[in-house]
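Engineer: Residues per chain are reported as follows:
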Amino acid sequence: MTFDRGDDDPRLTRLLAAVRADADPALWTRVRARLESRRRLPALLAWAMRPAALAASVALLVVAAGVTLMLGAPTPMLPSTSVAASLTAPEEEATLGDALVAERDAEAAPPAVTAGPAGNGAVRDSGERR
Amino acid sequence: MAQLGAPPFVPLLNTESRLGFSNEEDLIARLRARDLDALGELYRELGGAMTTLARTMLRDADEAADVVEDALLKVRDAATGFRGTRGLRTWVLRIVANRCHDLLRRRRFTAGRPEDFDPIAEAGLRSEPLASWDEGIDQARLLVVLERAIDALPPEQREAVVLRDRLGLSYEEAAETLGVSVAAIKSRLFRARACLREALKPWAQG
Numbered sequence: 001m002t003f004d005r006g007d008d009d010p011r012l013t014r015l016l017a018a019v020r021a022d023a024d025p026a027l028w029t030r031v032r033a034r035l036e037s038r039r040r041l042p043a044l045l046a047w048a049m050r051p052a053a054l055a056a057s058v059a060l061l062v063v064a065a066g067v068t069l070m071l072g073a074p075t076p077m078l079p080s081t082s083v084a085a086s087l088t089a090p091e092e093e094a095t096l097g098d099a100l101v102a103e104r105d106a107e108a109a110p111p112a113v114t115a116g117p118a119g120n121g122a123v124r125d126s127g128e129r130r
Numbered sequence: 001m002a003q004l005g006a007p008p009f010v011p012l013l014n015t016e017s018r019l020g021f022s023n024e025e026d027l028i029a030r031l032r033a034r035d036l037d038a039l040g041e042l043y044r045e046l047g048g049a050m051t052t053l054a055r056t057m058l059r060d061a062d063e064a065a066d067v068v069e070d071a072l073l074k075v076r077d078a079a080t081g082f083r084g085t086r087g088l089r090t091w092v093l094r095i096v097a098n099r100c101h102d103l104l105r106r107r108r109f110t111a112g113r114p115e116d117f118d119p120i121a122e123a124g125l126r127s128e129p130l131a132s133w134d135e136g137i138d139q140a141r142l143l144v145v146l147e148r149a150i151d152a153l154p155p156e157q158r159e160a161v162v163l164r165d166r167l168g169l170s171y172e173e174a175a176e177t178l179g180v181s182v183a184a185i186k187s188r189l190f191r192a193r194a195c196l197r198e199a200l201k202p203w204a205q206g
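If you're matching them up, the sequences are chains A and B in order. Our numbering applies: residue 1 is where the first sequence begins, and numbers increase by one. Our numbering applies: residue 1 is where the second sequence begins, and numbers increase by one.
Just so you know, the hints here were simulated from the structure itself, not pulled from any lab data. Just so you know, these numbers come straight off a predicted model, no measurement behind them. Some hints could be false.
[Stated by the list, open to error] Derived EDC-like pairs (lysine to aspartate or glutamate); straight-line CA-CA distance at most 20 Å: (1) B:K201 to A:D24; (2) B:K74 to B:D62; (3) B:K186 to A:D8; (4) B:K74 to B:D138; (5) B:K186 to B:E198; (6) B:K74 to B:E63; (7) B:K74 to B:D37; (8) B:K201 to B:D151; (9) B:K186 to A:D9; (10) B:K201 to A:D9; (11) B:K74 to B:E24; (12) B:K74 to B:D102; (13) B:K74 to A:E36; (14) B:K74 to B:D35; (15) B:K74 to A:D24; (16) B:K186 to B:E172; (17) B:K186 to B:E156; (18) B:K201 to B:D138.
Modelling step: build the complete structure from the supplied sequences, incorporating the hints.
Structural biologist: So, in structure tokens, the structure goes:
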């Protein structure tokens, strides 16, 4: 017996066709339930539940967390000009308490009085009432 | 092999009228409109063929069920873009065949089958009694041998045999389903049938 290319073999075909499977009704019930639950979801929520959307959300969260950490990192505090002089020594900047004490001392210190060039006859502007 | 008489071959798929639907165009239109009942109608008509293809290709009823389920969801999602030029059943079976291919490709290491492995029962398939069967031949045993031979075929030949000989698609439809030429289908079938006949040789000589 010879078989050319494409020739059907009825005997073999008959044997092959004797084995088959039926559609499973439970499978359709499952698919239907999945589709109906999908339909009940709002469109935006359904879109957000897609894997791509979830991955994008996670990536956005990571970026946002990174930016937040970067912005919230402690920056070196610039002392005010009145305190700057008293905070020159590194040991005085060691703690916040030291810095506050230094600031109080700086405010309590008497202001340096400098004799003005127009001292004779000129009214002194001491800020005091006569 | 004993004479089996004239083959009263009844294809699993109705090849006379495409799909057997009263109106395929109407069904396509309803699928495009995302009509759930239309999808159910499609499954009633094609579910057997989809399941047979998946189970024969994968030899695993659970994996085959997943493939068919995924294919139905894919049909539902992609129906809006389906133009209908290729025919609905060709399109649907192509989706199933592609999913099976993906799964088979991922199966890099498979455990060997035990000697008493029954490829029909394990795959969730069933065999129908053949008319005019020679009582001297154990039909069930012969079909098991045949299924094992199918299992040993390369996937390309296996799906060609299933589509053409088991599901009853025409050469053109099988070619469209697999996305190859008719000549390629005939070539695959020629090689596959040669292997299957070789496996059945002891029965043919006995």
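Engineer: Indicate, hint by hint, whether the structure satisfies it.
Structural biologist: Evaluation of the provided hints:
Between K201 of chain B and D24 of chain A the CA atoms are separated by roughly 35 Å; this puts the pair beyond 20 Å, and the hint is violated. Restraint check for K74 of chain B and D62 of chain B: the C-alpha separation of about 18 Å stays at or below 20 Å, so the hint holds. Between K186 of chain B and D8 of chain A the alpha-carbon distance is near 10 Å, which keeps this suggested pair within the 20 Å criterion. As the CA atoms of K74 of chain B and D138 of chain B are separated by approximately 41 Å, the hinted pair breaks the 20 Å bound.
Our distance criterion of 20 Å between C-alpha atoms is met by K186 of chain B and E198 of chain B, whose separation comes to about 18 Å. For a cut-off of 20 Å, the pair hint linking K74 of chain B to E63 of chain B stands: about 16 Å separates their Cα positions. Among the hinted pairs, K74 of chain B with D37 of chain B is consistent with the structure: their alpha-carbon atoms are about 16 Å apart, no more than 20 Å. Restraint check for K201 of chain B and D151 of chain B: satisfied, since their Cα atoms lie roughly 17 Å apart, inside the 20 Å limit.
Restraint check for K186 of chain B and D9 of chain A: the C-alpha separation of about 12 Å stays at or below 20 Å, so the hint holds. Among the hinted pairs, K201 of chain B with D9 of chain A is consistent with the structure: their alpha-carbon atoms are about 14 Å apart, no more than 20 Å. For the hint pairing K74 of chain B with E24 of chain B, the CA-to-CA distance comes to about 19 Å; that is within 20 Å, so the pair holds. Proposed proximity of K74 of chain B and D102 of chain B is supported: the alpha carbons are some 15 Å apart, at most 20 Å.
Distance check on the hinted pair: K74 of chain B and E36 of chain A sit about 15 Å apart at the alpha-carbon level, within 20 Å; holds. Of the pairs offered as hints, the one joining K74 of chain B and D35 of chain B holds, with about 14 Å between alpha carbons and a cut-off of 20 Å not exceeded. With a CA separation close to 18 Å, the supplied pair K74 of chain B and D24 of chain A stays within the 20 Å bound. For a cut-off of 20 Å, the pair hint linking K186 of chain B to E172 of chain B stands: about 10 Å separates their Cα positions.
With a C-alpha separation of about 12 Å, the suggested pairing of K186 of chain B with E156 of chain B holds against the 20 Å cut-off. Taking the CA atoms of K201 of chain B and D138 of chain B, the gap is near 15 Å; set against the 20 Å cutoff, the hint holds.
In summary, the numbered hints that this structure violates are 1, 4.
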